[in-house]
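Chains A and B are the protein sequences, given in the same order. The end of the first sequence is residue 605 by our numbering, with every number in the run present. The end of the second sequence is residue 636 by our numbering, with every number in the run present.
If you are wondering where the hints come from, they were derived from the structure by calculation, not from laboratory data. Heads up, a few of these hints could be off.
If you only want the chain B side, here are some residues facing chain A, beta carbon under 10 Å, derived [as the list claims (entries may be wrong)]:
(1) R455
(2) F457
(3) D491
(4) A585
Glycine is no exception: its CB is placed at the ideal position from the N, C-alpha and C atoms.
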Amino acid sequence: MTLATENAASSTASREAVERIDAEAVNTAGKRQPLYAPRKKIFPKRASGQFRRFKWLIMFATLGIYYLTPWLRWDRGPYAPDQAVLIDLANRRFYFFFIEIWPQEFFYIAGLLVMAGIGLFLITSTVGRAWCGYTCPQTVWVDLFLVVERAIEGDRNARIRLDAAPFTASKLAKRTAKHLIWVLIAVATGGAWVFYFADAPSLLVDIATGQAAPVAYMTIAVLTATTYVFGGLMREQVCTYMCPWPRIQAAMLDENSLTVTYNDWRGEPRSRHAKKAAAAGKVVGDCVDCNACVAVCPMGIDIRDGQQLECITCALCIDACDGVMDKLGRERGLISYATLSDYNANMALATAGGTETINPDRVRREGGGLSEKVAHFHWRKIFRLRTFLYFGAWSLVGLVMLYALLTRDRLEVNVLHDRNPQYVLLSDGSVRNGYTVKLLNMIPEPRVILVSLEGLTGATMNVVGLDQPDDRSAAVPVDPDRLREVRIFVTLPADRLSEADTSFRFVVEDKASFESDVYRASFNIPEVHDERQSAEAEGIHRLAHARHHDRLFRGHHHGQSDNGLLRAVELDRPDRQKHLCGEPDLQRARGRRPPAGSARLEG
Amino acid sequence: MSENKHIDEVSGVSTTGHEWDGIRELDNPMPRWWVWTFYATIVWSIGYTIAYPAWPLISDATKGVLGYSSRQELTTTMDAVSAEQADLRAAIAEKPLDEILADETLRRFATAAGDAAFKVNCSQCHGSGAQGSAGYPNLNDDDWLWGGDIEAIHQTIAHGVRFDGDDDTRFGEMPAFGDILSRDEIRQVAAHVVSFTATPSDPALAEAGAQVYADNCASCHGDAGEGDVTFGAPNLADAIWLYGSSEAQIAAQVRQPKHGVMPAWQERLGDPTVKQLSVYVHSLGGGE
Numbered sequence: 003m004t005l006a007t008e009n010a011a012s013s014t015a016s017r018e019a020v021e022r023i024d025a026e027a028v029n030t031a032g033k034r035q036p037l038y039a040p041r042k043k044i045f046p047k048r049a050s051g052q053f054r055r056f057k058w059l060i061m062f063a064t065l066g067i068y069y070l071t072p073w074l075r076w077d078r079g080p081y082a083p084d085q086a087v088l089i090d091l092a093n094r095r096f097y098f099f100f101i102e103i104w105p106q107e108f109f110y111i112a113g114l115l116v117m118a119g120i121g122l123f124l125i126t127s128t129v130g131r132a133w134c135g136y137t138c139p140q141t142v143w144v145d146l147f148l149v150v151e152r153a154i155e156g157d158r159n160a161r162i163r164l165d166a167a168p169f170t171a172s173k174l175a176k177r178t179a180k181h182l183i184w185v186l187i188a189v190a191t192g193g194a195w196v197f198y199f200a201d202a203p204s205l206l207v208d209i210a211t212g213q214a215a216p217v218a219y220m221t222i223a224v225l226t227a228t229t230y231v232f233g234g235l236m237r238e239q240v241c242t243y244m245c246p247w248p249r250i251q252a253a254m255l256d257e258n259s260l261t262v263t264y265n266d267w268r269g270e271p272r273s274r275h276a277k278k279a280a281a282a283g284k285v286v287g288d289c290v291d292c293n294a295c296v297a298v299c300p301m302g303i304d305i306r307d308g309q310q311l312e313c314i315t316c317a318l319c320i321d322a323c324d325g326v327m328d329k330l331g332r333e334r335g336l337i338s339y340a341t342l343s344d345y346n347a348n349m350a351l352a353t354a355g356g357t358e359t360i361n362p363d364r365v366r367r368e369g370g371g372l373s374e375k376v377a378h379f380h381w382r383k384i385f386r387l388r389t390f391l392y393f394g395a396w397s398l399v400g401l402v403m404l405y406a407l408l409t410r411d412r413l414e415v416n417v418l419h420d421r422n423p424q425y426v427l428l429s430d431g432s433v434r435n436g437y438t439v440k441l442l443n444m445i446p447e448p449r450v451i452l453v454s455l456e457g458l459t460g461a462t463m464n465v466v467g468l469d470q471p472d473d474r475s476a477a478v479p480v481d482p483d484r485l486r487e488v489r490i491f492v493t494l495p496a497d498r499l500s501e502a503d504t505s506f507r508f509v510v511e512d513k514a515s516f517e518s519d520v521y522r523a524s525f526n527i528p529e530v531h532d533e534r535q536s537a538e539a540e541g542i543h544r545l546a547h548a549r550h551h552d553r554l555f556r557g558h559h560h561g562q563s564d565n566g567l568l569r570a571v572e573l574d575r576p577d578r579q580k581h582l583c584g585e586p587d588l589q590r591a592r593g594r595r596p597p598a599g600s601a602r603l604e605g
Numbered sequence: 349m350s351e352n353k354h355i356d357e358v359s360g361v362s363t364t365g366h367e368w369d370g371i372r373e374l375d376n377p378m379p380r381w382w383v384w385t386f387y388a389t390i391v392w393s394i395g396y397t398i399a400y401p402a403w404p405l406i407s408d409a410t411k412g413v414l415g416y417s418s419r420q421e422l423t424t425t426m427d428a429v430s431a432e433q434a435d436l437r438a439a440i441a442e443k444p445l446d447e448i449l450a451d452e453t454l455r456r457f458a459t460a461a462g463d464a465a466f467k468v469n470c471s472q473c474h475g476s477g478a479q480g481s482a483g484y485p486n487l488n489d490d491d492w493l494w495g496g497d498i499e500a501i502h503q504t505i506a507h508g509v510r511f512d513g514d515d516d517t518r519f520g521e522m523p524a525f526g527d528i529l530s531r532d533e534i535r536q537v538a539a540h541v542v543s544f545t546a547t548p549s550d551p552a553l554a555e556a557g558a559q560v561y562a563d564n565c566a567s568c569h570g571d572a573g574e575g576d577v578t579f580g581a582p583n584l585a586d587a588i589w590l591y592g593s594s595e596a597q598i599a600a601q602v603r604q605p606k607h608g609v610m611p612a613w614q615e616r617l618g619d620p621t622v623k624q625l626s627v628y629v630h631s632l633g634g635g636e
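If we strip away everything but chain A, and leave its shape as in the complex, we get:
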C-alpha cells in the first residue's frame, strides 16, 4: 500500500466513525505524585517546666563531659601520657583514668558495648525512649542550636514571621549571625573530638599553628559538617528517616513501659470554648485545644494523635500542657508519662468498658479533681520479670568485666615455636629448638622479667643478644609499656633425648610484683625408629628403602648400641645396621632429592 492510498483509506474511515479509545492519562495533574516531599519547617516554642529543667541539666552535663574530658589530667609517671582519657591510636593504647587497655584487651570495649545494648533494653522497657528524649547527642545538639536560634530570631511566632518576611538587611544579619554561631559550635564539636586522640594542649597549639596532622583537620571538617547539617538543618529528619533506633526501641516497649501519653480519657471531647459548651450541657473534656503541646514539639507532631514513631519522648508537651492546666486550675497530667496498661484501665473507666464514647465525667470526682478509681503509675511496675532479666544480664556482664579488670595481670608471654627448621641437630648430638618469645610489660614502668624453663630436665636456654651463658633461666629487661620480642634457643643434650617429656613450660615472672604468666610449649626432637627390629619381625628385606636414610643420630644412640646390641655390619647390607630415621618428611626429602648441583660437583 502506498502512502497516498493509506491516507485516503484512513480519511475515509474517519469520516465514517470516530472510535473512542479507552485510555486514561496516568500522569494528570491531579494524580501525579510528588517525587519528593520537601521538609516542612518546624518552629518549636520555648517550653518551661520540670522536664525542661531536667533537660537543661542533662544538656549541661553531657556537653560538659564531651567538651572538657580531654582536658582532664591523670598522673601516670614519666613513661605514659598524663591525659585522663586518651585513645592513643599511634601506640595502640587506650587510657581511661587508672585503666590502661592494650589492643588485645579490646573485649572490655566490646563488653561496654554489650552493656550499652542491654542497658538500652532496660531503660526502654522501663521509661520508654528516654535515651532519645534526653541524652542522644542529636537531641542535645538540636536543643543547643535552638537556644541560639531563639536568642537571635526570637521565639516561635517571631521566627515564623521572620521566615515569611522578605529578605531585608535585618533578616540577613539575623540569619548570618545564627548560622555563624551554629558553625562555631559545630567546629568546637568536631574540634573536641580529636582531642580524645592526642595530647589535648599540644594538639590545640598544633591545630592553631597549622602543624597538626591532616587527619586531624579532616576529622574536624567532617564532624563540623555533620554537626551543622544534622543539628541546624536536618534536625527531626535525622530521627524520623535516618536513625534505626526508633524502630528498635519501639519494639522493646511493653504495656508497662512509661511513654508520653495524651490521656484522652479525660481530655476528650476537646473544646475551645469549654465554658460555653458546658453551659450548653455538652460533655466537655479537659483539653481546651490550645495547641500548646503542638507548638513546643521539636518533632512537629501532635501528641494527641497517639503513640507515633516520630515522638522522641522529650516530654516538653507535658510541660506545656501542665502550664495550661495550672492556669485553668485543673489537675496536671492531661499529657503525662503513663503506661499502656494504666491508660487502658482509665480508658475503660471513661468509656464504661468501651461501650460508649468518652465521657470524662466518669473519671472525675464531685467538685473537681480526678476520681480515686483512676489508675496512676506505681513505681512497683518498674520491678517486673522483664526488667529483672535485663538488669541481671546487664550487671552480669559488668561484674565479669570488673572481675577481669581487677584480677588481670600486666605481664604476659606469647611464644611462637620455630617450624622451619623444626629442630637443629648440633655437633655434639644435642638438639636445639628455636622460639620467638614475646614479653609484654603492660605497666608504664621498666621491668626485668625472669624467663625460665619448667620441665624438660637437662635442657638449657639462651636468649639471643643478651650475652648471658646458657642456663635454665634468663633475666630480660623490657621497656615500660612495651612488648619485647626475643629469640630463645633451647638445647636438650644428647643423653636426654630418649627420656625427655617433650612438653615443657616457659614461665615469666616479675620478682618485684609477683606477677607471672606461663606458656605451655613443646620441644621437637628427631623421631627415632628402630627399623631393624620391625624388619626382622616382618621378615622384610628393606635394602632399597634403607639406602636412602642417613644414620644422622648415631652419636646419641651410641650408649644404646653399647648396651649389648652389638652386631656385625656388612657394608653391602646396610639394612642390617641399626637404622634410625628422623622426621619422616625431612628424610624423604633428603632421600629423593636429586643432586641439584651435580653438574658442578667435582671428582
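Dock chain B against the given chain A, drawing on the hints supplied.
This is chain B only, laid out in the frame that chain A set:
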C-alpha cells in the same frame, strides 16, 4: 495499573499495589534531602570517572585527568620506605661486621634484610629455613666447614666455595681414594671413622683402619677426626654429616668424594647485601 491503585485508609497515602498477607506497602514520596543526595551521588560518579581511570577501552582504559595509578602509588610508597632506610643501609655499607653486630638497630635491620635476601638467593639450595639437605650444609647448627665466625661466613658468601669465577674462593679438595687405597682399606678406614662417634660394625675392621687413617687422612682431618676449617676438611668426630653417616656412605665418600660448589655472591649482590646475609646466617643460632 491505575485500577489497582489502592489508597490506605489510615494515612490516605496510595500504596504500591504490592500485598503480602494483607499487608500493603505505602508509596510515600522520598524526603527531599534523600533525593538530592541520590542526585549528588550520580554527579559524583560522573566526576569520578573523569578524574580517575574508569572507562574500559579495547586494549586499555581511560587514564583520568588526575593521572592516578595504583602502580605509581606503590612505587612512591616503596621509594619512601627506601628513603627512610637510607641511613641504615649507608651505615651497613660503611661499618665493619663486628660493629654491625654490636649495634642493636643495625643488627635487627641487617637480620631482617638478610632474611629477605636469603629467601631469594640462598633458599634454593640451603632451604627456606636454612636447614640444608644432603650435600647442602645446614646453616642453623654449630658445625662449620669453613668457619662460623662472622668474618668467615662473610668470606664464604662473598667468594663462594670452589667457584671458578672468583680467585679468592674457598678451595679444598679431597683426593679420590678409590685410586689410592684398596677396597678393603677403604672399608677399614670407613669403620674407623665411624668409631670416632659410634660403634663400628666390626671393631677389628675399625682397628685395622686406624693405620690407614693416620697415613692418608689425619693430615687434613686431624688425628682425632676434628677437621680443619682452613681448607674445609669436615669434622669427622661430630654428629653432623653432609653426605651421610653410615659406613657405606662414608666409604663411598672416601672412594669418590663429592664436592659441593657455592657461587660467589659479592659481585652479584654487592657488599651491603652480602653483609646482611652474613649477619642473618650468623643469627641462626650457630654463629661463633
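Worksheet item: What hints, given by number in increasing order, does this structure fail?
Response: 2
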